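*Asks:* Chain residues, written in single-letter form:
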Amino acid sequence: MQTSFTAAQLRDPAIAASNQVLRTCVHCGFCTATCPTFVLLGDELDSPRGRIYLIKDMLEAGRPATAEVVLHVDRCLSCLSCMTTCPSGVHYMHLVDHARTYVAQTYRRPWHERGLRALLAGVLPYPGRFRRVLAAARLARPFARLLPRGGTLFGRMRAMLAMAPASLPPAGVLDGVGVHRAEGARRFRVALLAGCAQRVLDPAINDATIHLLTRMGGEVVVAAGAGCCGALTHHMGRHAQAMASARANIFAWSDEIDGAGLDGIVMNASGCGTMVKDYGFMFRDEPEAAAAARVAALAMDVSEALEKFGYVPARPAPGLTVAYHSACSLQHGQKVTDTPKVLLRKAGFRVVEPAEGHLCCGSAGTYNLMQPDIAARLRERKLENLRATRPDLVATGNIGCMTQLAGGGLPVVHTVELLDWMAGGPEPAGLCRA
Amino acid sequence: MITQLPPRQDVLARRDAIVAGLRRLLPPDGVIAEKLLLKPYETDGLTAYRQVPLAVVLPETTAQVAAIMAFLHREGVRVVPRGAGTSLSGGALPMQDAVVLGLMRMNRILEIDTADRLAVVQAGVTNIGITQAVQAEGFFYAPDPSSQLACMIGGNVNMNAGGAHCLRYGVTANNLLGLKIVTVDGQVIELGGAHLDAAGYDWLGLLTGSEGQLAIVTEVTVRILRSPEGARAMLAAFRANEVAGACVASIIASGIIPVALEFMDRPAIHACEAFAHAGYPLDAEAMLIIEVEGSPAEQDELLGRLRDICARHDPISVKVSSSVAESAAIWKGRKGAFGAVGRISPDYLCMDGVIPTSRLAEVLRRIGEMSAERGLQVANIFHAGDGNLHPLIMFDANDPDSFARAERFGADVLTLCVEVGGCLTGEHGVGVEKRDLMGVQFTATELDQQRRIKSAFDPGWLLNPSKVFPLQPAPA
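Protein chains in written order, with the numbering used here: chain A, 1 to 434; chain B, 435 to 910.
Everything labelled a hint here was simulated from the structure, so no lab data went into it. Because the structure is a prediction, the values reported are computed rather than measured. Each residue gets a CB set at the ideal place from its N, CA and C atoms; glycine is no exception. There may be inaccurate statements among the hints.
[Unchecked claim] Below, computed lysine-lysine pairings styled on BS3-like, alpha-carbon distance capped at 30 Å:
1) K335(A) x K308(A)
2) K346(A) x K473(B)
3) K766(B) x K753(B)
4) K308(A) x K341(A)
5) K766(B) x K341(A)
6) K469(B) x K335(A)
7) K308(A) x K346(A)
8) K346(A) x K335(A)
9) K335(A) x K766(B)
10) K308(A) x K766(B)
[Claimed, not checked] Some chain B residues well away from chain A (every beta-carbon gap over 10 Å; in silico):
11) R448
12) R660
13) G773
14) G776
15) D781
Please work from the sequences and hints to get the whole structure.
*Replies:* Written out as structure tokens, the structure reads:
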């Protein structure tokens, strides 16, 4: 597609990168069909192609973001379904990430929006703070129904309170900083991103991951200094905060790579995986470029790690039918599609897949808190498709999806919990409760 | 750059009142009039041509469409209908003084009747959406344009869309049973219905391919077909375009009608393989995708005969797909072909001419010569069995001279199609792209006759008026 940036504009590396993305797009429109918001809202402006056009126009004019444009950029889930569909190979993720940063830099949101975003950015990436806020939210939950529904400030608060779990599991037993020795002879050594929100909401996921990997002969290190991957703040356009989180991880893991060595950096929340795999691009013009690229090359989803290091089940098949819900960050962001299903089948589960598997469930990081109406419609659509497969339970590889789909009448567990169970670990709590 | 009819100054002057009137007919998010938000609607699949419209409306029901049309007719405002905006001929190119009528919110399947083998759907249902709605019951909707994932049935009707499998199943016109249309002054009319061959004049035939110039299509009744027992694709690789072209002519001459017979040349093979990872032969100058259907025995028999024919043309390799996944990848590459060319060129013009299949080798050679003369690369991707060519002329829109050469190259290709006894458009429609070449195909008298038909439906020429016919005053 034609672009009209000046030579001066193109000297900005962010504009130069976006120009490349825009020149790749041929405006064929295939992406519209698989975009969740276009499917729901039926407006070019809520499709990837429409957003690309809005962003192109905004960047070319060099004008500050306006409320109308921000509305449509904000409605993007960053599910990246468009990137799976695109025949031309348009890197929409880099373009929309740039747009979100540009919006944060040039547009002043209404006070309540700023407050909400500051709250989320100040709490979610920090497990201690998040745990205390959730405890407080539990006390406030009974009052949630006094708040109106919808996209207003109060509606969002209602959505947030509804999302807070009724009871909070105790902190994980294994995922503190430290080294977990391999059972038997050490066959490989990996770092685990212990993460942020997931550790608070469902610490059993890290426990299962560590159990399973060590049982397979892996040494698992939770590196000192590594924390949130930066995705939460990155998707809010808080560039500096996201870069700081990512830089801390790059330093922490580089120490491990240069020290005892790493055969992989394992992520068990696929939203984080998409982010860490993109560190090379994010730091392309930074002093840490080489280190970032090395970290990104070692990053792998837990399912990829299990495949690579040879997962073998140890229990007889439980005779359960699992509906596999492919998280967008896994199927579109990382293009990991078959591996989790292959592993689940190997573990003895009957695996079924819902119709419209390419459509997002509406979780999308903090999207379900920012855009509760669209998120709720996507959730209902997803649950309907999942129920139609008549499964015993749902498995997925991302904590956001698990939280979003919880309470829909089907047990939802992490894929790694099922795989650990079949390899000798405990039955997943989410399944026991059901 | 393309010229359009001059905007009506009185309409531009009344813009605010017209938008206010539209807002009374639709919910708040159904009317778009802010300048920044109109920009993404300025073009469709042919981005070389752009024009920001007066406003965009997004109705959800036929009644709303009727109310909009009645209002705009009273106000004397031009209308450009739009489906998914995937047109490669600029069929949905807006006009400065026109309202774009977007039908993408009308995306409901209204009725599926497998006993009578039909489906009734709104105009904004995607082409593949119809097949997806009926495939669990063992049916499919046959016409399959490459953009079938995104393009909408209303646009398919208006452009008489084709596709790879039309060699066996015919184009949209052959798979259509009924239409609900809204006339330019807002009347709702139903044509045809749940039976083949409607009574009276062939109104469906007239409306199909009318490019949004006669009426607004809001509902479509299509024929659905039993899915075949099975299908298998074969890839045959050749040393030269002309050789592959000659092989196509031999297949057609043998009397075998495969369900699809598709051609790709070297640049296309490489771009599509990078997208679809389908195992295309990267060492070939040209490749044919040949698909057959039927029972396993029928498939084997046909593939054997086709293999023999290919063998007579010194192929580099002939490979039959061994799995459903492999066939899916083969078609994913072919159907994403136009977009995939975006990997090797920032822009392209996609031609759409038809020629007699016996002239294929000769036309391919001429296109190669033109490519060298104009200094522009070309990727050839087309429905070889129908003789429906889609040369993609690659250019760089940031270089105005390269675009001007591409436009002239395109005109030469289409003129050549007519010269060898073919026609200007196979399935993409005339739109604005081929409008000024209509004089190559038709005499002035023939064009006037066609204009009179438009005038009968739309005396004020309000419906998509800058398309199809060379710009000149409408006949009395």
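*Asks:* Determine for every hint whether it applies to the structure shown.
*Replies:* Verification of the hints:
no.	hint	in the structure
1	K335(A) x K308(A)	holds, 16 Å
2	K346(A) x K473(B)	violated, 51 Å
3	K766(B) x K753(B)	holds, 17 Å
4	K308(A) x K341(A)	holds, 15 Å
5	K766(B) x K341(A)	holds, 22 Å
6	K469(B) x K335(A)	violated, 37 Å
7	K308(A) x K346(A)	holds, 14 Å
8	K346(A) x K335(A)	holds, 20 Å
9	K335(A) x K766(B)	holds, 16 Å
10	K308(A) x K766(B)	holds, 29 Å
11	R448	holds, 23 Å
12	R660	holds, 22 Å
13	G773	violated, 3 Å
14	G776	violated, 3 Å
15	D781	violated, 7 Å
Consistency note: the structure conflicts with the earlier hints numbered 2, 6, 13, 14 and 15.
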